[in-house]
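With chain L held as given, fit chain G onto it using these hints.
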Amino acid sequence: MIKSIKRINIGDMAFNLFNTVFMLLLAVVTLYPFINTIAVSFNDGMDTIRGGIYLWPRVFSLQNYKAVFITGTVFNAFFISVARTVLATVLNIFFTTMLAYTLSRREYVFRKFITVVFVMTMYFNAGIIPNYLLIRDLHLMNNFLVYVVPSLVAAFNLIVIRTYIRTLPDSLAESAKIDGAGDFRIFMQIIFPLCMPVLATVALFVAVGSWNSWFDTFLYCSGRQELSTLQYELMKLLASATQTNNNPAMANAVGVDAQTARNLVTPISIRAAITIVASTPILLVYPFLQKHFVVGLSVGSVKE
Amino acid sequence: MSNMNTVLEKKPIKFKSGFLKELSTNKALFLMILPPFILVFINYYLPMFGAIIAFKNFNYEDGFLKSPWSGLQNFEFLFKTKDAWEITRNTIGYNLAFIVLNLVIAVTVALILNELRSKFLAKFFQSVIFLPYFLSWVVVAYLVYSVLSPNGLYNMSIAPMLNLMPIDWYTAPEYWPFILPVVNIWKNIGYGIVLYLAGITGIDPEYYEAAVLDGANKIQQIKAITIPFLVPLMIVTTLMALGNIFRSDFGLFYQVPMQQGLLQPTTGVLDTYIYNALISSGDLGMSSAAGFYQSVVGFILVLLANWGVGKISEEHKIF
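The listed protein sequences derive, respectively, from chains L and G.
Residue numbering for the first sequence follows my numbering, starting at 1252 and increasing by one per position.
Residue numbering for the second sequence follows my numbering, starting at 504 and increasing by one per position.
Keep in mind that the hints were calculated from the coordinates and are not lab data.
Careful, some of the hints might be misleading.
Computed list of lysine-lysine pairs in DSSO-like fashion (alpha-carbon distance at most 30 Å, straight line) [stated by the list, open to error]:
(1) LYS1363(L) <-> LYS530(G)
(2) LYS1363(L) <-> LYS626(G)
(3) LYS524(G) <-> LYS1428(L)
(4) LYS1542(L) <-> LYS626(G)
(5) LYS530(G) <-> LYS1428(L)
(6) LYS820(G) <-> LYS1363(L)
(7) LYS1542(L) <-> LYS622(G)
(8) LYS1542(L) <-> LYS721(G)
(9) LYS626(G) <-> LYS530(G)
(10) LYS1542(L) <-> LYS530(G)
(11) LYS622(G) <-> LYS1363(L)
If you're wondering where the values come from, they're calculated on a predicted model, not measured in any experiment.
Bound conformation, chain G alone:
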């Protein structure tokens, strides 16, 4: 390292300004960064300015800049509808349910897998449970449909077997607050399990050896050693998820309920609302107001979460 610095310092440099000096010494590095940098600027940062259309009466002919301003009118329209409350409630409610269920189930299953005597079986179960994580939401929506459709597994086999009434799930909104968390767990729980298993593997075995000498049984070991060691990881994961509580997985909420209008009151979230407003009504004003609302509240929540994470573990902070 010091070797390289002396090589660099020996070069004759005439620029006075720090930036230009840096540019001339590391020309190639700047050139290599340029393409991805331009791309990320156009693709991520440029649209952020586009968010101003929430304050405009946007039309395609005039475009971003020339469309007339409309002040807070779009937001007034949005918050006057009952949709605004409904989608906010659904977005936050589902996310909270996912956070709690994911944490409890992932930690429990990770503990169980870790305690299994047969390492082969543990590996096998982990592989099976992780599989749905890699399937697309379209495929998952089909698998759910094959269970819940009028001639699916439930109505054709489970209901007759248990003497239950057949249910037309796709027209009954009251069931979806239970169906969606189950589907979400089914698809995503593998990720959490792998995360916590990695955490458990990192615990020094000496703690367990000492506990065994003291006569502690498995349950006592889990309570006194494993769980306390996992707590920081649990807190960091939960805080990050809380930071994203205003966003939802579009695939889950759009694909799995199959866009059935009747299910909207219990399956509509901010993301699907914005999308539907864009596509079906073409009302850019209200949907971009909803988008702005989501981005700004989401931004504040991520900052708060990041601050919280920093309190627990400096190395897990995002920035």
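Isolated chain L (complex conformation):
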């Protein structure tokens, strides 16, 4: 009896040890490129060219970040990225919640039809060319609005919010109605404030999506430098990297002063620094993101 318990324990311990080691390896593979990039971004540019930077900087320097932010282009792109993210998140939340509320009202006869109209957009798309021609005909090319308007309502978020509103007691809206409140007032004063927990989740989804998007800048706004976003600036740097490897003059692609570039920073360091700048906001909200994501995932899978 005692022997068998002991044997199971040893087997279980080996099993656990194997699992832990396996996961540790996986974690290292996942994180290494990112940690390496952080190290390079804080390392002296000329020193990086010698190679051998792995987990931490050898010659610590803030020069790369200075070079990135001293130029107007990246600073402006950072501002545009923040502006589009904030605006898209606020407007998205308002319109999606309003729609979700109407679709949660059981006496509203068209809710099934309208839900399908929105859910279909998750699975069918006319494709890039008709969309491109649409944006062109709407005169949204090289226009800041193209970052915000086309994505105002996302079907997945709609379902998440609607499912949440359904869990709120009906009596709240009913008693307000008896007191003479209209539907819009019920929404603004009762439902909207009660939705805050789920709205935090959706706001994070929208904000991350907006911050990370590059395709709209690339396709619709590449004609106007002042509308460039951080992701697009990084993309341009990368595209030039494959053409002219290791040419310090390339730092000019972000408008870094040639003199500064030759002395202190190199394209490799600049790229690393912008990569980190472009992903830092994500890292800052990541702990919340992860927690809310799991909640949203389980709620969003129920369509009707």
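Only chain G this time, still in chain L's reference frame:
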């Protein structure tokens, strides 16, 4: 609920038609729906009519309606090239590889995380592996470049250490059918892991308690309890992915190979082909034919997948 209905019914309503009656009782609700509804109509449904340009000899001056019809000419051109076969093969091939790899790896890692003794470590590993999911494709393309570039991690450190020849990855198409699945897994596997972990957490612990009493070890418990419980979730996820087999993640196929022409034969998919045709050649005819081909086949596949999902689990159906 019944309370509210009686309130509504007491209102004097003179309209005969059901729609107008509904409109008058729920005026505010209609007004609240209107802005998003118009937006989604313009943004998603209007372009669907625009798909007719696949059958036209489109030019910008005449626009959608006045451009002359060209019948199936655009499709003839498209399917005569060897591109059509290549991009279809790549799109389906990569998607199949992603579906299989994602399923196997996500379920395996979810099982391992669930079995870890230390819940703190499990949480930590999950957080680390989920992180790349939230990074943009541009950032991921840079991270890949920092490993594969001529002076990246592989050529500067790994190859010399293991006595291997340096490789110029960005001019060698034969490696990319392996690189792209690895990058895709690296970025997206966290999503699947979280999904399956949520599924595992939902299993009633009584099953395991009973199994322990019967003397089942961990592996036996996983085989007899956990995996059977996850099967419906696996099937639904896989069917939905199969429905999207004609679409690919534009960021992965456009950003990660860095638009290197030499890599086109093994990295070009429908989405990148359509985009490149639009931008570089300006040939709207052939690219819109490719777009139409993708949309129609994609539509049929989603319908089939949805039908299949309905057979397994009614609540997971899309519509």
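What are the numbers of the hints the structure violates, in ascending order? 2, 9, 10 and 11
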